[in-house]
Amino acid sequence: MKPKMMTSVAVGAILASGLATAAAAEDLTLCWAAWDPANALVELSKDFEAQSGHNMSFEFVPWPSFADRMLNELNSGGQLCDLMIGDSQWIGGGAENGHYIKLNDFFDANGISMDDFIPATVTGYSEWPKGTPNYYALPAFGDVVGWSYRRDWFERPELQAEFMDTYGYALDVPASLDQLKDIATFFQGREIDGTTVYGVSLYTERGSEGITMGATNALYNFGFEYENPAQPYDLEGFVNSPGAVAGLEYYKELYDVGAPPGSSNWYMGENIDAYRSGQVAMSMGFAFVWPGVHADTNVGGDKSGYFANPPGPAGQFAQLGGQGISVVSYSENQEAALEYIQWFAQPKVQARWWEMGGYSALNAVVDDPSFVGSQPYAQAFLDSMAIVKDFWAEPAYADLLIAAQERLHGFAIAGEGSAQDALDGLVRDWTEVFEDEGKL
Amino acid sequence: MTTSPIHRAAQSTPDGVARKIRGLSDRAIAWIFVAPTIFLLLAVNIFPLIWTIRLSFTNFRVNRPNNDVEWVGLRNYKRILSDPDIWNTMQATAHFLLWTIALQVLIGFFLAFLINKKFKGNDLWTTIIVFPMMLSPAVVGNFWTFLYQPQIGLFNYVVAFFTGADPASFSMIGDVHLAPWAIIIADTWMWTPFVMLICLAGLRSIPDSIYEAAECDRASKWRQFWTITIPMALPFLMLAVLFRGIENFKMFDLVVQLTGGGPGNTTTLTSIDLKREAFEKWRTGYSSAYAVILFVTVFGLASIYVKALNKVKER
Numbered sequence: 037m038k039p040k041m042m043t044s045v046a047v048g049a050i051l052a053s054g055l056a057t058a059a060a061a062e063d064l065t066l067c068w069a070a071w072d073p074a075n076a077l078v079e080l081s082k083d084f085e086a087q088s089g090h091n092m093s094f095e096f097v098p099w100p101s102f103a104d105r106m107l108n109e110l111n112s113g114g115q116l117c118d119l120m121i122g123d124s125q126w127i128g129g130g131a132e133n134g135h136y137i138k139l140n141d142f143f144d145a146n147g148i149s150m151d152d153f154i155p156a157t158v159t160g161y162s163e164w165p166k167g168t169p170n171y172y173a174l175p176a177f178g179d180v181v182g183w184s185y186r187r188d189w190f191e192r193p194e195l196q197a198e199f200m201d202t203y204g205y206a207l208d209v210p211a212s213l214d215q216l217k218d219i220a221t222f223f224q225g226r227e228i229d230g231t232t233v234y235g236v237s238l239y240t241e242r243g244s245e246g247i248t249m250g251a252t253n254a255l256y257n258f259g260f261e262y263e264n265p266a267q268p269y270d271l272e273g274f275v276n277s278p279g280a281v282a283g284l285e286y287y288k289e290l291y292d293v294g295a296p297p298g299s300s301n302w303y304m305g306e307n308i309d310a311y312r313s314g315q316v317a318m319s320m321g322f323a324f325v326w327p328g329v330h331a332d333t334n335v336g337g338d339k340s341g342y343f344a345n346p347p348g349p350a351g352q353f354a355q356l357g358g359q360g361i362s363v364v365s366y367s368e369n370q371e372a373a374l375e376y377i378q379w380f381a382q383p384k385v386q387a388r389w390w391e392m393g394g395y396s397a398l399n400a401v402v403d404d405p406s407f408v409g410s411q412p413y414a415q416a417f418l419d420s421m422a423i424v425k426d427f428w429a430e431p432a433y434a435d436l437l438i439a440a441q442e443r444l445h446g447f448a449i450a451g452e453g454s455a456q457d458a459l460d461g462l463v464r465d466w467t468e469v470f471e472d473e474g475k476l
Numbered sequence: 032m033t034t035s036p037i038h039r040a041a042q043s044t045p046d047g048v049a050r051k052i053r054g055l056s057d058r059a060i061a062w063i064f065v066a067p068t069i070f071l072l073l074a075v076n077i078f079p080l081i082w083t084i085r086l087s088f089t090n091f092r093v094n095r096p097n098n099d100v101e102w103v104g105l106r107n108y109k110r111i112l113s114d115p116d117i118w119n120t121m122q123a124t125a126h127f128l129l130w131t132i133a134l135q136v137l138i139g140f141f142l143a144f145l146i147n148k149k150f151k152g153n154d155l156w157t158t159i160i161v162f163p164m165m166l167s168p169a170v171v172g173n174f175w176t177f178l179y180q181p182q183i184g185l186f187n188y189v190v191a192f193f194t195g196a197d198p199a200s201f202s203m204i205g206d207v208h209l210a211p212w213a214i215i216i217a218d219t220w221m222w223t224p225f226v227m228l229i230c231l232a233g234l235r236s237i238p239d240s241i242y243e244a245a246e247c248d249r250a251s252k253w254r255q256f257w258t259i260t261i262p263m264a265l266p267f268l269m270l271a272v273l274f275r276g277i278e279n280f281k282m283f284d285l286v287v288q289l290t291g292g293g294p295g296n297t298t299t300l301t302s303i304d305l306k307r308e309a310f311e312k313w314r315t316g317y318s319s320a321y322a323v324i325l326f327v328t329v330f331g332l333a334s335i336y337v338k339a340l341n342k343v344k345e346r
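Top line first, the protein sequences correspond to chains A and B. Its first residue numbered 37, the first sequence is counted upward by one per residue in the working numbering. Its first residue numbered 32, the second sequence is counted upward by one per residue in the working numbering.
Hints may be right or wrong, so weigh each one.
[As the list claims (entries may be wrong)] Pairwise CB distance ranges (calculated):
1. S454(A) / K281(B): 31 to 37 Å
2. D457(A) / F283(B): 25 to 31 Å
3. G328(A) / A232(B): 38 to 44 Å
4. G451(A) / L73(B): 47 to 53 Å
5. N108(A) / L73(B): 23 to 29 Å
6. R235(B) / D63(A): 57 to 63 Å
7. M121(B) / A60(A): 56 to 62 Å
8. D57(B) / F96(A): 54 to 60 Å
[Unchecked claim] Result set (SDA-like, lysine to any residue): computed pairs, CA atoms no more than 20 Å apart in a straight line:
9. K475(A) / E101(B)
10. K82(A) / A60(A)
11. K306(B) / S101(A)
[Stated by the list, open to error] Here are some of the chain A residues that sit facing chain B, going by a computed Cβ distance under 8 Å:
12. D309
13. I438
14. G446
15. A450
No wet-lab data here; the hints were simulated from the structure. C-beta: ideal position from N, C-alpha, C; glycine also.
Whenever a hint applies, use it, and build me the whole structure from the sequences.
Below, the structure written as structure tokens:
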């Protein structure tokens, strides 16, 4: 029997047995990255344990090794994880390789509608193939790249006056990527309260996905496209369009003029450390860091503000982060795992998830009139989620990502060749991957 | 009556077993004793090697268990050997190998030469010097990442102290020209003590009588160094080069921790590249071919080197 058919039969059997009447207590293991939201989920899940009688265990792996560890687990058919909050780019591989069970029947049977979730998160975290109503995950944690900035520095009259004299407009939240670069340049190497500070901390990490998650925020807004919208996998002239080249040149320039010395291999941890320690005026970061920034004694409260990725010449977009929660097809506790998803999808649980620092993707939560005022970063989150784009989610996403990491880092950080060379090389690399995949 | 342990063991052997063993030749008994080791070697080393060679001729991907596995002949080998990026990683590896070995042998031998002199606190200094090699490479990588930090790193401040440059004006791990040296310095700091210990063993194996004879012949210290110390310590030096060469060809953890292979691909060594192909891109067939090429390279170079080493020892 084919794995997909077996999965369907298994799901059918589970549904037939009646989820609500499941009585046996199971030991469920949920796998995710080791970060602040995971700790919040542990707390949240205590309610599920109390209600269901199941015991929850958690396997959290630090981000740099998260993909290695968990994809190994899935590829080897391991039974460690019953529930997987996997990265958005894994959805294609999870679906096509039979790692995740398809959830459509389960959603239908339990009144869970994908229309109730932010559309971008459904496309990004749940659907495969993209744009089709085939769901392999429930949107679990909405996330997107945005910016934190030192509002207390921006509001200093002497800095505002100097900035106005230099650039001819007010020092405020940047209205464009060009303004963001001006502000980064302005703060670079400046003495503030006796300390040398820098303009901006950027994602530049080489080993996993860092620079791709960072540079795409410039690339998209200058005109980069993953493929010809009219012809899938047609890359030439889209990945390496003049706009895309300008975007990559912009990112390199931003790094050169505004990033702290030694920040050539920074990702989430290093970026936020630099910001929280008062080294930088602005910090690129996934929205998940904002609750921590807000609570920080050094830079939190009114000292910081948050804004969505500013627009560029070709529009305003931001790199999607976040994850969906899936049931692992190798799990022996699929019934209990589905119970967890059913519980997690409830509006009251999602509302509590947001209160605890988890970014709910449920419309009922984010559309609530009180949402925007609930946290100082709520508006920036909503603004950002409205402009998201995501990296490839193909089964071969890892090959595509590694090529992007090499090419983007090679130019933007190492200064090898030109932006045109880097993106032409990326077209060649990606074309080879799609040829190997039989898609070209 | 004899009551040696061997006889006691023989007496306690059950008769049935004893009869069977008595019927076996010495050669057969020897095989019985070595068989478990041979079996383990076959299972752990030889079988995976043969399996890897077989996979290297296929398009197998371990993350696509449902896909058909096709025999692709030499395609993987051709692609690897014609890929300029792989040749760049080979160059980066060669640069790393040559400089780390050269520096470690020079400094290691110099330290061994000093430690070999009798002086107060000799043991304490030896312990202090060998301390870095007791650390985990991942810890050393992390530790040097901080040392290389332009704003707070001690390394930059030391360089700035001697050169007058601004410490924040250069980044050892962020600069494409400096990063290869950053990993060479960290590896040299960590593994020079190992070379020193091997050299020290070599120096201490030289009998004092040879130096005494040279003194009688009025040979200068310089002459003694070049005609006694170096030739007699040479096999040990060559052994150190062999060990460090093989180890550094496989270098992974320290460099990943320090630079992640960057900036760009500047410090992407073959082992890092291979790991990406095998366990990030999951191109199992392709990475098997890559591993076979590296294995043949290391095995071939090591074999030639061991022959040279044996010739030196025979002199």
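Outcome of the hint check:
no., hint, result
1, S454(A) / K281(B): 31 to 37 Å, "holds (35 Å)"
2, D457(A) / F283(B): 25 to 31 Å, "holds (29 Å)"
3, G328(A) / A232(B): 38 to 44 Å, "violated (53 Å)"
4, G451(A) / L73(B): 47 to 53 Å, "holds (50 Å)"
5, N108(A) / L73(B): 23 to 29 Å, "holds (26 Å)"
6, R235(B) / D63(A): 57 to 63 Å, "holds (59 Å)"
7, M121(B) / A60(A): 56 to 62 Å, "holds (57 Å)"
8, D57(B) / F96(A): 54 to 60 Å, "holds (58 Å)"
9, K475(A) / E101(B), "holds (17 Å)"
10, K82(A) / A60(A), "holds (17 Å)"
11, K306(B) / S101(A), "holds (13 Å)"
12, D309, "violated (11 Å)"
13, I438, "holds (6 Å)"
14, G446, "holds (4 Å)"
15, A450, "holds (3 Å)"
When each numbered hint is compared with the structure, violations occur for hints 3 and 12.
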